[in-house]
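Enquirer: Each chain, letter by letter, is given below.
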Amino acid sequence: MTLVQENPTGRLAAPSAPAQRKPRRRGIRWQRALAWVALAALVLLTLFPFYWMLRISLSDNRALAAGAGSLLPADLTFGAFRRVLGLATLEEARAQGGSGASIDFWRYLWNSVLTSSVITVGQVLFSAMAAYAFARLRWPGREAVFFAFLTALMIPPIFTALPNFVLMQRLGLLNTYAAIILPFFFMTPFAVFFLRQFFLGLSREIEEAAKIDGAGHVRIFFRIILPMSAAPLSTLALLVYITSWNEYFWPLLVGQEEDVRVLTVALGIFRSQTPQGSPDWAGLMAATLLAALPMIALFAAFGRRIVDSIQFSGLK
Amino acid sequence: MSVAVAPQQPSATERPAARLRAGRSRQDLVPALLFLLPAAFGFVTFYAWPALRTFYLSFTDYSLLAPPEWVGVQNYAEVLGDRRFWKSLTVTLEYVVINIGVQTVVALALAVLMHRLTKSTLIRGVLLLPYLVANVVVALVWYTMLDAQLGIVNSGLELVGLDPVAFFGETSTAIPTIALVNVWRHMGYTALLIFAGLQSIPSSVYEAAAIDGASEWRIFWRITMPLLRPVLVLVLVLTVIGSFQIFDTVAVTTKGGPIDSTRVIYYYIYEKAFQQFDFGYAAALCVVLFVILAGVALAQVKILRAGDSDLD
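Note that the protein sequences, when read in sequence, are chains W and S.
Take 1 as the starting number for the first sequence in UniProt numbering and just add one per residue.
Take 1 as the starting number for the second sequence in UniProt numbering and just add one per residue.
Treat the hints as calculated values from the structure; they're not laboratory data.
Just so we're clear, the structure is a prediction, and the values are computed from it rather than from any experiment.
A couple of the hints might just be wrong.
[To be verified] Computed footprint of chain S on chain W; a stretch qualifies when at least three of its residues, placed anywhere within it, have a C-beta under 8 Å from a C-beta of chain S:
id: 1; segment: 142-152
id: 2; segment: 175-187
[Claimed, not checked] Now the in silico label distances, taken between C-beta atoms and shown as ranges:
id: 3; chain 1: S; residue 1: Ala66; chain 2: W; residue 2: Leu293; range: 45 to 51 Å
id: 4; chain 1: W; residue 1: Ile28; chain 2: S; residue 2: Ala166; range: 41 to 47 Å
id: 5; chain 1: S; residue 1: Glu94; chain 2: W; residue 2: Ala230; range: 41 to 47 Å
id: 6; chain 1: W; residue 1: Gln169; chain 2: S; residue 2: Leu37; range: 24 to 30 Å
id: 7; chain 1: W; residue 1: Ala65; chain 2: S; residue 2: Gln300; range: 46 to 52 Å
[Claimed, not checked] From the derived model, a few chain S residues whose C-beta atoms are all more than 12 Å from chain W:
id: 8; residue: Val73
id: 9; residue: Asp82
id: 10; residue: Val112
id: 11; residue: Thr171
id: 12; residue: Glu216
id: 13; residue: Arg222
id: 14; residue: Met225
id: 15; residue: Ser261
We put the beta carbon where it would ideally sit given N, CA and C, even for glycine.
Whenever a hint applies, use it, and build me the whole structure from the sequences.
Expert: What follows is the structure in structure tokens.
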């Protein structure tokens with residue numbers, strides 16, 4: 001362990017007694033260099049498409065064909081962003097090689113923000129309450145009910161989508177925010193499972209002390225359990241927000257209309273609209289980049305937490 | 001709050017220790033039900049009841065306009081003779097095999113590289129980035145990059161003297177293309193899952209191997225792989241089940257074409273239900289998909305001996 005920290009290059013030396021490995025040093029150094037090259041190549045492969053999104057979105061559609069081989073934006077312009085954000089007139093947009101297809105970006109952005117936020121608040125709160133009942137309260141049938149919740153993890157989303165669609169239609173909720181939000185608002189099996197695992201590990205002492213002082217379950221839950229779980233709760237909130245933001249299938253079924261259309265659905269529709277024959281590549285990439293940007297920003301802010309949470313859920 | 005808890009308070013102050021032990025499960029029942037209420041409502045309304053309902057609908061003829069009409073196993077009989085269903089199943093299998101095959105190898109390599117080289121959170125974060133943007137975004141970026149005329153990939157092929165390929169536009173390349181696009185999205189995430197498993201292998205094992213002068217290659221096959229197996233099984237079960245549910249990428253790029261070559265099972269069900277409104281038949285397809293998924297998961301766990309670890 002100390003060996004790792006003292007290593008001036010900051011790399012993780014293979015945990016071993018250095019003296020034993022002297023004779024094979026050269027071979028190992030060569031292997032490590034090759035390994036670094038492979039890792040760097042994979043990192044580059046991961047990042048390149050993001051750069052390419054930016055490059056195309058800053059290009060002029062008419063210049064793209066000629067500059068197809070160049071790594072820099074073809075005829076640098078912010079025209080695509082202006083089109084997507086509604087800052088350019090239709091004539092301007094057409095002249096710039098835009099398809100003339102409309103994309104009401106601000107509305108779709110608002111729809112995504114609204115639905116994802118409401119889903120996140122509801123799902124985290126209600127899943128936490130359920131997890132509290134499963135982890136901290138003793139009642140007959142607890143294990144059986146929890147097992148039933150867990151089986152829902154095994155069911156592919158399309159399996160429940162058909163009756164859920166019929167339900168929304170019967171309730172007259174098609175093309176409303178409620179339809180997009182409701183199925184994810186009360187719980188997901190993953191959220192309940194994730195929080196239950198954490199609540200199980202909390203020490204009982206503070207809780208018992210509060211109980212002796214006469215605190216009820218509601219107070220214990222809001223004043224003790226939730227504050228002690230701030231880290232996993234915020235991690236879960238992040239994961240739920242990202243998942244809702246990226247959801248495509250369900251909003252595609254119940255929220256195609258302009259008023260409630262979220263960004264993912266809008267992008268899919270924008271891509272198939274080509275009134276002028278050829279797609280508006282620059283506009284498409286500008287819209288795509290703008291749609292991905294909030295997630296990239298969230299990630300830049302909370303990257304470590306998300307990375308750690310993946311390890312947690314992976315280990316169970 | 002006070003309603004649910006009030007009866008407990010006198011006894012709690014009188015005999016705390018005794019109260020905690022005796023009769024606890026009854027006392028917690030009412031508050032437990034109240035805490036569970038919203039989630040239970042969501043579970044029953046949007047998971048349990050719809051799941052049972054789909055199962056029921058699979059035995060009916062139902063097109064949303066009239067109430068479902070019981071037809072017995074007719075839908076299932078039709079599924080068996082449906083050439084498009086079998087085609088969609090083979091297309092899905094082709095997708096899963098390419099997607100999981102490549103993804104597992106790349107992710108495993110990535111995880112081992114990270115494990116042996118660096119603990120950098122930055123690198124792990126960067127590798128996770130594609131997983132955090134929507135399937136739709138990923139599909140559109142690669143759709144642009146792989147375009148037959150303007151795509152950068154074809155510019156690259158041209159540079160080395162190869163003919164341009166219409167990746168999404170040809171029956172032979174469309175599914176492998178979609179499979180690889182999704183490898184790109186998931187490889188970092190899968191690598192992180194495997195990486196977490198690697199970190200649970202005690203470093204003493206590696207120290208011992210290094211003292212014995214074992215090569216990295218030998219260490220990988222003799223130590224890492226056997227000890228990693230339980231984690232790999234878990235990762236495989238999760239990723240294979242996810243892989244069978246490929247939809248978003250197909251829906252925004254090829255829409256099942258060219259000539260049925262990318263009509264995966266999920267997309268076929270979507271078309272049957274939400275474009276042709278043949279809900280009974282679509283429900284039967286859902287049940288068939290569920291049975292296949294359950295079978296695949298069970299088979300994986302059995303074949304790969306998920307339960308026992310070599311670490312003892």
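Enquirer: Now tell me, hint by hint, if it's right for this structure.
Expert: Against the structure, the hints come out as follows:
1. Residues of the segment 142-152 of chain W with a Cβ under 8 Å from some Cβ of chain S number 5, which satisfies the need for three, so the listed coverage holds.
2. For the segment 175-187 of chain W, the stated coverage by chain S is satisfied: 5 residues place a CB nearer than 8 Å to a CB of that chain, which reaches the threshold of 3.
3. For alanine 66 of chain S and leucine 293 of chain W, the hinted distance range of 45 to 51 Å is satisfied, since their beta carbons lie about 47 Å from each other.
4. Checked against the hint of 41 to 47 Å, the pair isoleucine 28 of chain W and alanine 166 of chain S passes, with Cβ atoms roughly 45 Å apart.
5. For the hinted restraint 41 to 47 Å between glutamate 94 of chain S and alanine 230 of chain W, the CB-CB distance of approximately 46 Å keeps it satisfied.
6. In this structure, glutamine 169 of chain W and leucine 37 of chain S meet the distance hint of 24 to 30 Å, their C-beta atoms being roughly 26 Å apart.
7. Taking the beta carbon of each, alanine 65 of chain W and glutamine 300 of chain S are about 47 Å apart, inside 46 to 52 Å as hinted.
8. The claim that valine 73 of chain S lies off the interface holds: its Cβ sits roughly 18 Å from the closest Cβ of chain W, which is beyond the 12 Å cut-off.
9. Taking the minimum C-beta to C-beta distance to chain W, about 17 Å, the non-interface status of aspartate 82 of chain S holds against the 12 Å cut.
10. Annotated as non-interface, valine 112 of chain S brings its C-beta within 12 Å of a C-beta of chain W; the closest such distance is 9 Å.
11. Listed as a non-interface residue, threonine 171 of chain S keeps its Cβ farther than 12 Å from every Cβ of chain W; the least gap is roughly 20 Å.
12. The beta carbon of glutamate 216 of chain S is not kept farther than 12 Å from every beta carbon of chain W, the shortest such distance being approximately 6 Å.
13. Taking the minimum C-beta to C-beta distance to chain W, about 15 Å, the non-interface status of arginine 222 of chain S holds against the 12 Å cut.
14. Under the 12 Å C-beta cut-off, the non-interface status given to methionine 225 of chain S relative to chain W holds; the minimum distance is some 17 Å.
15. The beta carbon of serine 261 of chain S is kept farther than 12 Å from every beta carbon of chain W, the shortest such distance being approximately 18 Å.
Violated hints, in rising order: 10, 12; the structure is consistent with all others.
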